[in-house]
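S.K.: Protein chains in written order, with the working numbering: chain B, 1 to 360; chain S, 361 to 556.
Source of the hints: derived by calculation from the structure; they are not laboratory data. Since this is a predicted model, take the numbers as computed values, not measurements. Not one of these hints is a red herring.
Just the calculated beta-carbon pair ranges, DEER-fashion: (1) S/407 to B/298: 35 to 43 Å; (2) S/442 to B/44: 29 to 37 Å; (3) S/423 to B/196: 56 to 64 Å.
No farther apart than 25 Å at their CA atoms in a straight line, the calculated lysine to aspartate or glutamate pairs in the DMTMM-like style are these: (4) B/346 to S/427; (5) B/168 to B/301; (6) S/446 to B/28; (7) S/540 to B/66; (8) S/437 to S/406; (9) B/281 to S/538; (10) S/540 to B/16; (11) S/442 to B/25; (12) B/322 to S/427; (13) S/509 to B/33; (14) S/442 to B/28; (15) S/447 to B/25; (16) S/513 to B/28.
Think of the CB as a built atom: it goes at the ideal place given N, C-alpha and C, for glycine as much as any other residue.
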Amino acid sequence: MTEDFLSDKRPDLVTEACAWIAQLETGDLTSEDLAAFREWMARSPAHQQEIRRLAYLSRDVNILTEMAEPLKVAAARQRALMKKDILTSKWGHLRYMTASICVALLLVLGFFFIAGRDSPSPDPVLITTAVGSHRDVKLSDGTVLKLNTDSEVKIEYDADRRKVNLLKGEAFFQVTHNPDRPFIVYAGGKSVRAVGTAFVVRFLPKKFEVTVTEGQVELLNAAELTQDNRLDLPEMGSLEGAGAAPLISSLQLKAGESISYMDSVQTEAIEIISQREIRRKLSWQEGLLDFSQTPLVDVIDDLSRYTSLKIEISDPELRDLKFGGIFRVDELQALFDALETTFDIKVEYLENDIVRLSHH
Amino acid sequence: MSDSKKTGAAGTTRIIGSRIFRVFLENETVIRKFLRRYTSNRHDIEDISQETILRALHAEKNREIHEPRAFLFGVAKNIARKELEKKSRSLINFIEDFSDQEYCSNEPAVDDQVDSRQRMLVFWQAVATLPPQCQKVFVLKKMHGYSHKEIAKSLHISVSTVEKHVAAGLKRCRIYMENKRDGDVGEPPARANREK
Chain B
1 MTEDFLSDKR PDLVTEACAW IAQLETGDLT SEDLAAFREW MARSPAHQQE IRRLAYLSRD
61 VNILTEMAEP LKVAAARQRA LMKKDILTSK WGHLRYMTAS ICVALLLVLG FFFIAGRDSP
121 SPDPVLITTA VGSHRDVKLS DGTVLKLNTD SEVKIEYDAD RRKVNLLKGE AFFQVTHNPD
181 RPFIVYAGGK SVRAVGTAFV VRFLPKKFEV TVTEGQVELL NAAELTQDNR LDLPEMGSLE
241 GAGAAPLISS LQLKAGESIS YMDSVQTEAI EIISQREIRR KLSWQEGLLD FSQTPLVDVI
301 DDLSRYTSLK IEISDPELRD LKFGGIFRVD ELQALFDALE TTFDIKVEYL ENDIVRLSHH
Chain S
361 MSDSKKTGAA GTTRIIGSRI FRVFLENETV IRKFLRRYTS NRHDIEDISQ ETILRALHAE
421 KNREIHEPRA FLFGVAKNIA RKELEKKSRS LINFIEDFSD QEYCSNEPAV DDQVDSRQRM
481 LVFWQAVATL PPQCQKVFVL KKMHGYSHKE IAKSLHISVS TVEKHVAAGL KRCRIYMENK
541 RDGDVGEPPA RANREK
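Same shape as in the complex, but just chain B (with noise of 0.2 Å):
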C-alpha cells in the first residue's frame, strides 16, 4: 500500500515537519521563510497532514504544565534547602550513576550465573537502591528487574529454582518465561512463584502488596517463614497435600488482580484494578508518582519513602483528604505547592528535615 512508500520517507518528513513547527512557535518569520514553508507545505498532502498532526500534537503536550512547579518560587525555596542537601533529588545524576552500577552488576551477575550452571549453588547477588534513586537490572535468563525507591533484593539462581529474596522496597519483575525453572519471589514470609509473567512486589514496614500486571502468579503466604525468613519452600504439590495447615495459604492472582496485607488489617482480599490504577502502581518506574483520590495521609507515606524529609501531618482532619496530581520523584517541592496551593495546607520547613503539614 501507500504506506509502505510512505513509510520510508516518513522518518524525514516527521523531522522536517517538527523543524518547521519549532520554527513557527519562535514568532518571526520573513517572506522567505514565509515562502519556503509554503513550498514545502505544497509538496504533498503527506506533508500537510504531518504538520497538522503535528501542530494538534504541540498544543496536546501542553498538559505537562499540570505536572510542573512554579518555577522560581520552588527553586528559590529549594536552593536554600539544598544547602542542608534535606531533599534527596538525585534521581537525575543517580540515573547516570545507576546506569554505570548496572553494567557493572551485569558483568558481575553475567559471571555468577555462567558459573552457576556448573556449580549447583552461586553465591546470592545482592542489589539495593538508595533513597530517592531507582535501578533497572536484565538478569541473566533475560528477566527484567527494576527497583524503586530504599530497597533490596537478594537473588539467588539455580538449576531448578530462580529465587529472589526482596528484603526491603519495592521491585518489578518482568520474567522470561521458563516452565522448568520457576521465578520465587520471596517477602515477609510470603511467596510470589512466576512462569513466565509480569508483577510488582511492595514490601514495606506496614504493607504487604503484590500487583500483578501481565499472566499469573501464585501466592503463599506462610507465616512460619517470618521467623527466619528462609528461602526453602515446600513445593506446591506438598501443599496442596497438608490441606489443613493453617499458618500456610496459596491463591491465585491474575493480571489486574491486587492483594495488599496491612499490618494492622488481618483479612485478605484479592482486588481487582483497572488498567489505569495498574499503570499508577508502576509510574515509579517513569520516576513519577501518581496520585489519585488518595488520601493524604497515604501520599504522605509513599512520599516518605523517596526523600530523607520526614513528613508530619499535624492536624488529624487532613489525613483522609483527597489528594491527585502526577509529580516528579525529584522534584517533590511541586507537591508540597500543590498542597498549598490547591489544598490550603500550611508547609513548614523545620530542623532536623521534618516538614510540617497543618491548616492555615
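Using the hints provided, position chain S relative to the given structure of chain B.
M.R.: Coordinates of chain S only, in the frame set by chain B:
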C-alpha cells in the same frame, strides 16, 4: 469582563462587601504563583488574575460559593488553560490557512483516543528519554511556558539551537504517542535493554 468594568461605582461598593473578593485578596500572591505554571509572562499572569476575580464576582452574584478559595483556583486554572489553548490555536490556524482547503483530516484528535492523564504520562516518558540539554529546553518551553527567546537567553544558546531542541522533543513525543496509539503500551527504549 468588560461588563463588570462598566458597573463602575455601584460595582465597587459591591466588591468591598464581597466575600470572594476578600478571599481573592488574601490569596492573590498564591494565585499568581500558581499561574506561573502556565505562563512565564508577567502581563499574562496579571491579565489572568484580573479575569479570575471578575469572573468570580460575576459568579458570586448568581449563587453562593461554598469553597471560595478552591473556586478561585479552579477559575484561574480554566482561564490559564484556555490561554494556552489559544496560543496553540493560532499556530494551528496558521497551518490550516496554508493547507489545501479540500484536504480534510478524518483522523480523530489525540484527545479522543487517549485520556489526558495517560497523555501526560506518555509525553513525560518521551521527555524523560531526551538528552539533558534538549530535555531542559523542552521542559522550559512546554512545562513552564517560556518563549524561545527567553530560553535562549537563560541557557546562553542561540534561538536556532532552541528550535532544534524543541523540534527534537516534539518528534520524540510524536513517536511515543504513535506507539501508544498502535497499542504498544510496553517498554520505552529503557535502560533495561542494556544487556551483557
